[in-house]
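**Student:** Each chain, written out:
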Amino acid sequence: MREVAIVAAGMTRFGELWRWSLRDLFVEAAAEALKSAGADHLDSIYVGNMAAGQFVGQEHLGPLMADWLGRSGVAAVRVESACASGGAALRSAFLEVASGASDLVLASGVEKMNDGGDVTAVLATAADQETEAYHGVTFPGLYAMIARSHMEAHGTTEEDLAHVAVKNHRHGALNPKAQFRREVTIEQVLSSSFVAEPLRLLHCSPVSDGAAAVLLCPLDQARKYTDRPVKILGSGLATASMALADRKDPSFLDAVQRSAERAYKMAGVGPGDIHLAEVHDCFTIAEICCIEALGFVDRGRGGSAARGGLTALGGRIPVNTSGGLKSKGHPVGATGIAQAIEIFEQLRGEAGARQAQGARIGLAQNMGGSGASSVVHIFQGV
Amino acid sequence: MPSPRYWREIPARYRLEAARCRVCGKVSFPARPVCPACGGREMEGTALSRRGKVITCTVVHIAPGPLLMEAPYAMAVVETPEGARLMAQVADCEPDGVRPGMEVTLEFRLLSREGRGGILCYGHKAVPAR
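Top to bottom, those sequences are chains A and L.
Terminal number for the first sequence in the numbering used here: 382, no gaps in between.
Terminal number for the second sequence in the numbering used here: 1130, no gaps in between.
What the hints contain is simulated information worked out from the structure, not anything from laboratory work.
Computed from a prediction, not measured in an experiment: that's the story for all the values here.
Idealized CB from N, CA, C, for every residue including glycine.
You may find that some hints are simply not true.
Claimed, not checked - Simulated DEER-style distance windows between Cβ atoms:
hint	chain 1	residue 1	chain 2	residue 2	range
1	L	Arg1008	A	Arg299	37 to 47 Å
2	L	Arg1015	A	Gly100	47 to 57 Å
3	A	Ala153	L	Glu1017	25 to 35 Å
4	A	Arg316	L	Gly1118	51 to 61 Å
5	L	Arg1109	A	Ser99	45 to 55 Å
6	L	Gly1118	A	Gly100	50 to 60 Å
7	A	Leu190	L	Ala1047	39 to 49 Å
8	A	Arg182	L	Gly1115	34 to 44 Å
9	A	Pro218	L	Ala1047	56 to 66 Å
10	L	Ala1047	A	Arg2	51 to 61 Å
11	L	Cys1024	A	Ala101	38 to 48 Å
12	L	Gly1118	A	Ala75	43 to 53 Å
13	A	Pro63	L	Tyr1014	40 to 50 Å
Stated by the list, open to error - Below, in silico cross-link-like pairs of lysine to aspartate or glutamate (DMTMM-like), each with a Cα-Cα straight-line distance of 25 Å or less:
hint	chain 1	residue 1	chain 2	residue 2
14	L	Lys1053	A	Glu152
15	L	Lys1026	A	Asp249
16	A	Lys248	A	Glu152
17	A	Lys35	A	Asp103
18	L	Lys1053	L	Glu1017
19	A	Lys231	A	Asp273
20	A	Lys248	L	Glu1044
21	A	Lys248	L	Glu1042
22	A	Lys248	L	Glu1103
23	L	Lys1053	A	Glu130
24	L	Lys1053	L	Asp1092
25	L	Lys1026	A	Glu130
26	L	Lys1026	A	Asp246
27	A	Lys248	L	Glu1079
28	L	Lys1026	A	Asp254
29	L	Lys1053	A	Asp254
Said to hold, decoys possible - Here are a few chain L residues that face chain A, going by a calculated C-beta distance under 8 Å:
hint	residue
30	Pro1036
31	Thr1056
32	His1061
33	Gly1065
34	Met1075
35	Met1087
36	Gly1123
Just chain L, with the same shape it has in the complex (with noise of 0.2 Å):
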């Protein structure tokens, strides 16, 4: 991944910058600058709470490439507080144990290392809540 790529996508992967819509209110999951639920555009800068609850979940077994090590893992979409959902890894657990309606903290974390240079690519990831 260029840098410049990368770095466009540091607000939303390292601090989970949202928006929320001054219009209908719906906060959108990465901040955007239309509002899908009512094509308003108006949009205010707002930051998600890194807790949420599993929407729904699977474990990965055939995973791709850089993540080949990793498998079998569980992924969840996630629900804040704010009513933004996002797709996270829930890691800190036995995969199979991962069920709709669990309750989880988003922490910062490594995802993986990209390409030959090994890249290190952050974001956040989900742990049974304590």
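The shape of chain A in the complex, shown without the other chains (with noise of 0.2 Å):
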């Protein structure tokens, strides 16, 4: 396999954006990677998108964005992977250039939540139709159901959930990109309402439009679009069960885990060796189990790591930096492009206010389902 590089990218803000339809987002995201690399060419592109079919009814999107960014005739297929879509098409892209199949592939993201769909419907077909969203589950429901056995098992507390939510938007309120540019206080998360006990609104990602998109080639030819490409050292994906109820621990991400380790494995580094992450907090329990299933704390630990400031910038392993998909949003399929634009741009020192200092290698986990599916990356700045 060829070493594989990203040597642009390109993002809109996140948020309800009313005047921007579904093309419009990925056009903005993918002309600006293209236009920052100096690209005269493209071999081809992954639209990373959960569910343009219900959301606004449009599917086969490869073509509609192909041809809208004037690209028609490239290779061009949308990936689905539920909330993991975005990282599954940096994934496909990954895999194309270091097979050397391809020299030059944009990977994207891109959902439009907020055009009228019933989203909380829409979300719950990332869940068992036939056995759990039937009998009445939400998606919320299901993670709240994780929290719930993360609180049973390991004495973690609805303020310990609270912390995750106070430091992302922390961070979030220094990025301009962000859906919430502004910090909540502990207070005000504890007395928002609930959505699925334990969980309330501040423990919520919003709903989001937005897109986001990354350039890939060879690393051998990155110096050609850019004088500070990020070398991709490894690519993880794996599944678990589908219902939450077939799960011998509920609190515990096997998907994660497993693709940490492939992901690991490949770029020859361990949880140790990270300097920083972008974690799947689609809710602020997830973030709790994902920094336990990704080795950063031991199993059953993760509770207190934001509380203690270990999670936050300055300290030992900051996790998202952007504001996580709690403060930036989370426009699902759009989400594993954003998470690697921001490790691109902490290692490449252009994070500004949010910089974390020193940092050399960063990982992004992206989580389909309530954890079904999970795609990790490792990048290194060269």
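Hey, can you piece these two chains together into the complex? The hints should help.
**Tutor:** Right, here's the structure in full:
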């Protein structure tokens, strides 16, 4: 396999972007990435997207997006793995370049959630329709059960959960692209209304529109496009039981652990070598479970990480310096690419007020459903 | 929901029909053709006991459309004595009172009415064991 680098990135801000359509969002992000690299050609496009068919009634995104980017004719296909669609698109692009099949590939993600769709019902399609959604459990409901299980098994508290939201909003307040550029207090989190107990409104990522895109090429060609390429050291994807009921320990995310093991092995590094990470905090409990499964803290000990400052900017391993899904926003199909962009900017020293000092190796973890799929990528500045 | 899609699910929803792996003994619910634990393909039909224990739970406050008027309601992952686990609403009690470890029985109930036609969706709900 060839060594692969990211050489350019483009991203819309995240939020309720009523003036922008699904295709507008994609073109904005993709064109910015191409312009930044000065690329006059493109071999193929991957479009990460969870549910455009349900949100805006549009499928067949590959040719649509290639056409609107002015690149009709290139290979282009949509990649879907629920909220991990963006990470899965990045992995597809990585493998295509690594294999030698293509030299310049765009990995993108896009979601238009604010266009009138029943968001709760659409997101629930990432759960098992026949055994979960039919009985009335919502997506927040599934993560709430993961949280309840973590509290029972490890003594994690509602305050522990709230500290994740407070930290990620503190980071997101420094991110010009974030949907919520404001801090929240512990009291505000703990007094917000219940969505599914013990999760409250401020434990949940918002409903967002947005798109993100990165350009990949072989590392030995990267200097044609940028002075500061970021190498993809490893990529891992894994699955676990679709239904939460089928997991022996509902408080542990097996797919995250397996995807991380595969990425660490390919990269030749371990959790102790990672300087910062973007992890899939669709709900505050998810960040707690993910940092355990990634090996940043011992199993069952994720609850105190945000409270103790371990995962804050300036801590031992800053997590979600972008603000995470919680504060930056979570246009589901775009999230995996947006995470990679945060690491890309951090490793190039371009993260401005939220720059993590001395970061050389970063990790991005993107998750689908209630943890039934997970994608991990590890990056290094070169 | 088109009616074939509905009646295909009747064995699991009405009768709690599960499958036991002849190789490793794991009981899966709903029944499936391949054992998720060992990959074995010799599965035999078995029915679940109509009782179990809450593994984890929540109280849903923001509910999907058909259940809007029922919120807040409790949901739980319930483990039956056969070792199978299933998702169920917990009824006939204060939602706040449902906790992991609680003993429940599974009762055949109306779950929701779907669509404009008001198709009746049946299944099992958990209620506190008496």
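**Student:** Take the hints in turn and mark each one as holding or not.
**Tutor:** Against the structure, the hints:
no.	hint	result
1	L/Arg1008 - A/Arg299: 37 to 47 Å	holds (39 Å)
2	L/Arg1015 - A/Gly100: 47 to 57 Å	holds (54 Å)
3	A/Ala153 - L/Glu1017: 25 to 35 Å	holds (31 Å)
4	A/Arg316 - L/Gly1118: 51 to 61 Å	holds (56 Å)
5	L/Arg1109 - A/Ser99: 45 to 55 Å	holds (53 Å)
6	L/Gly1118 - A/Gly100: 50 to 60 Å	holds (58 Å)
7	A/Leu190 - L/Ala1047: 39 to 49 Å	holds (44 Å)
8	A/Arg182 - L/Gly1115: 34 to 44 Å	holds (41 Å)
9	A/Pro218 - L/Ala1047: 56 to 66 Å	holds (58 Å)
10	L/Ala1047 - A/Arg2: 51 to 61 Å	holds (55 Å)
11	L/Cys1024 - A/Ala101: 38 to 48 Å	holds (41 Å)
12	L/Gly1118 - A/Ala75: 43 to 53 Å	holds (47 Å)
13	A/Pro63 - L/Tyr1014: 40 to 50 Å	holds (44 Å)
14	L/Lys1053 - A/Glu152	holds (15 Å)
15	L/Lys1026 - A/Asp249	holds (16 Å)
16	A/Lys248 - A/Glu152	holds (15 Å)
17	A/Lys35 - A/Asp103	holds (17 Å)
18	L/Lys1053 - L/Glu1017	holds (18 Å)
19	A/Lys231 - A/Asp273	holds (15 Å)
20	A/Lys248 - L/Glu1044	holds (22 Å)
21	A/Lys248 - L/Glu1042	holds (22 Å)
22	A/Lys248 - L/Glu1103	holds (19 Å)
23	L/Lys1053 - A/Glu130	holds (21 Å)
24	L/Lys1053 - L/Asp1092	holds (16 Å)
25	L/Lys1026 - A/Glu130	holds (20 Å)
26	L/Lys1026 - A/Asp246	holds (11 Å)
27	A/Lys248 - L/Glu1079	holds (11 Å)
28	L/Lys1026 - A/Asp254	holds (19 Å)
29	L/Lys1053 - A/Asp254	holds (23 Å)
30	Pro1036	holds (7 Å)
31	Thr1056	holds (4 Å)
32	His1061	holds (4 Å)
33	Gly1065	holds (7 Å)
34	Met1075	holds (5 Å)
35	Met1087	holds (5 Å)
36	Gly1123	holds (6 Å)
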